[in-house]
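Visitor: As you go down the protein sequences, you meet chains A and B in turn.
So in full-length UniProt numbering, spot 49 of the first sequence is number 49, and the numbers just go up one at a time.
So in full-length UniProt numbering, spot 29 of the second sequence is number 29, and the numbers just go up one at a time.
Note that these hints are calculated values from the structure, not bench results.
Some clues are possibly wrong.
[What the hints assert, rightly or not] If you want the ones that stay clear, here's a sample from chain B, every Cβ over 12 Å from chain A, calculated:
{"id": "1", "residue": "Ala47"}
{"id": "2", "residue": "Tyr115"}
{"id": "3", "residue": "Ala394"}
[To be verified] Computed list of lysine to aspartate or glutamate pairs in EDC-like fashion (alpha-carbon distance at most 20 Å, straight line):
{"id": "4", "chain 1": "A", "residue 1": "Lys146", "chain 2": "B", "residue 2": "Glu390"}
{"id": "5", "chain 1": "B", "residue 1": "Lys398", "chain 2": "A", "residue 2": "Glu151"}
{"id": "6", "chain 1": "B", "residue 1": "Lys404", "chain 2": "A", "residue 2": "Glu212"}
{"id": "7", "chain 1": "B", "residue 1": "Lys326", "chain 2": "B", "residue 2": "Glu366"}
{"id": "8", "chain 1": "A", "residue 1": "Lys166", "chain 2": "A", "residue 2": "Asp201"}
{"id": "9", "chain 1": "A", "residue 1": "Lys214", "chain 2": "A", "residue 2": "Asp173"}
{"id": "10", "chain 1": "B", "residue 1": "Lys398", "chain 2": "A", "residue 2": "Glu209"}
{"id": "11", "chain 1": "B", "residue 1": "Lys266", "chain 2": "B", "residue 2": "Glu291"}
{"id": "12", "chain 1": "A", "residue 1": "Lys146", "chain 2": "B", "residue 2": "Asp387"}
{"id": "13", "chain 1": "B", "residue 1": "Lys51", "chain 2": "B", "residue 2": "Asp117"}
{"id": "14", "chain 1": "B", "residue 1": "Lys326", "chain 2": "A", "residue 2": "Glu151"}
Where is the CB? At the ideal position from N, CA and C, for every residue including glycine.
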Amino acid sequence: AIVIHKCTFCFADGIERSAVPLKFSTGLLQRPYALERLSHITTAVLGHSLLIPDMSLVNLAHVCSSLNNANKARLALASIPHTKLHLNICIALQQSGLISSIVRGGPTAPAPHLLLGHPTIVDEEAGAEPVTQSNVASRRLWVGLKYWQSEPVLGTMTSISTPKRKISVKLPDLRNILQGRRSGSVDGLRSPGECLYLKTDRGFMEARECVEKKVGGLALVRVN
Amino acid sequence: MSIARPARCLFCTLSRAATSSHRIPRRPFHSSPAQLNRKADDPSVKASDMKTLQEIRKDLKPSDFKPYTEEEKSRLSEEYSPAQIAAIEAGEAAIDPKDMAEQFAVRRDPMKFHYLDDFSTIEPVVDKHIRAPASNSDYNARLKDEDELMDDFARYFREMPENATAADWVRFVESLRLTIGKEENELNPSSALVPDLFEPGESLSKDPQPVESLKTTHGQEKPSEEMTDALKKLLQATGYTLDTIRSLKLKTLVSHAVVNQTRLGKIRRQYCLSIAGNGNGLLGIGEAKSEESSDAMTQSRYRAIRNMHPILRYENRTIFGDVRGKVGAVELKLMTCPPGFGLRCQHLIYEMCRAAGIHDLAARVERSRNPMNTVKAAYEALMSQKDPEEIARARGKKLVDVRKVYYAGRV
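Just chain A, same shape as in the assembly:
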């Protein structure tokens, strides 16, 4: 049966269940009404499965390219899509000292702080633009880039895991990588100051931090 109802989440008058592909909705048609509402939301919002949501690596390579291009052009700010994965990676980069600032902004760059020169959320004058339901989709992360002696501090960023092939690194392998030896398909860290960022169940960390905390994880990006 086709049930049309108002949904508080997708602001839609209703979604025709028949519009949802059958392979994802065969289970839903048999469910009672209460669960139908929930399941409708999950299919509408997440699109595919009822599995636990995961951070998508689809845009990771694009982020690396964007930052590399911005570095080559010696830009002060670079914008990347605003997702949890990207935000966490940027926080890890900032803690390593490779980038100077991360600010959530719109399609255009946020105004720089008068004294600091880069945008910051504690700017009383300009202030942080509040994120609302109307503008959340257009939000982007604006990354402040660093340069030293005419060279970018964030050298070259390369992605390691792809959406199709996710490369996890165990702790013993990570120790080898830190010593400069190759492990599996992940090359060792051979340059001075080379960094490798991993997503672990204890958060997003640099390879050396992971070894300190004795955890392995999903290898995301390498910075040269």
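Please arrange chain B on chain A, whose structure you already have, making use of the hints.
Guide: Leaving out everything else, chain B in the frame of chain A:
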């Protein structure tokens, strides 16, 4: 080599410091061991009469320790003053011969010396350094004024004998004090620095040679034949001395003919690419072309010397991390290596590393192997190394060499 030859080194040369300070006899640096069991020089002393130390000790009695005879006392009076002789006799009287006989022993403890030595002379390596005492320092010493120096000279001229010789003048100059203060502060100053192992003139193999005096005219005699305009300009431009340039490692790596077709015909020139390095972190490359091959080689070498730049080295033996270089179709990468690895690379890169003072390196030339471009790409790679200090400054983070700090250089 015999140990009988006395080697007088610093203290026998006519140095000012020595004449004032008391002579401390030093043992020579002979490598041959002391021949202790030699037959006595005196033929009247037979081997059967000579006793070993153990035998002497066994047979020792208190009566063996007798006071000095009159003959011995007269011999002593030749050497020592009456006051000294009185002191010696008082010292001898204070000790009981019975104690001397009992306590005379050949040491057998683990800390005994394994050689016979009376410790009257100072061995350069094994004994404590001979240092001027701290009391020799005078912190209130100051240089003499011009007036005071003039007074000294005036005094010399007043007291000059009738027929003064150069020797008198030399003696005056040698004894001239340049500071007002303690004499020891000027002539034998106390220093916190450890004295050199080899004083001027000393060596392990040779007998002490006389100290070479600084001759300013010595260097000017040789290069009068070789000094060309180009070399003069190089010395002026770089500021190096001829000795420095002679000590540089120069090598022509690439040398071939190149032809330029003009309306007058083919002009054949020689092209040379050379490297110059001091073996301790400096490396430069220079190229030149000339119709004469010798001229091209010389010019390229001089250009290499002018273009010398410092190259970063980790522990003065290898590079920091892996680096890549690309010139033309040549793509290569240089890889850092552990100590003792050696230079496992192409002959061109090997020569460059030797000139630069890099001892451990691995290299892989990936694409083309054109010699000229290989040299240039390798140079580019060596110059593109990242300095951890700069990285730390750029990131605002501390970078620690774990190999040194945590593993004490053993990894």
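Visitor: Each hint needs a verdict: does it hold in this structure or not?
Guide: Okay, the hints, checked on the actual structure:
{"no.": "1", "hint": "Ala47", "in the structure": "holds (67 Å)"}
{"no.": "2", "hint": "Tyr115", "in the structure": "holds (49 Å)"}
{"no.": "3", "hint": "Ala394", "in the structure": "violated (3 Å)"}
{"no.": "4", "hint": "Lys146/A - Glu390/B", "in the structure": "holds (13 Å)"}
{"no.": "5", "hint": "Lys398/B - Glu151/A", "in the structure": "holds (19 Å)"}
{"no.": "6", "hint": "Lys404/B - Glu212/A", "in the structure": "holds (19 Å)"}
{"no.": "7", "hint": "Lys326/B - Glu366/B", "in the structure": "holds (10 Å)"}
{"no.": "8", "hint": "Lys166/A - Asp201/A", "in the structure": "holds (15 Å)"}
{"no.": "9", "hint": "Lys214/A - Asp173/A", "in the structure": "holds (12 Å)"}
{"no.": "10", "hint": "Lys398/B - Glu209/A", "in the structure": "holds (14 Å)"}
{"no.": "11", "hint": "Lys266/B - Glu291/B", "in the structure": "holds (12 Å)"}
{"no.": "12", "hint": "Lys146/A - Asp387/B", "in the structure": "holds (17 Å)"}
{"no.": "13", "hint": "Lys51/B - Asp117/B", "in the structure": "holds (18 Å)"}
{"no.": "14", "hint": "Lys326/B - Glu151/A", "in the structure": "holds (18 Å)"}
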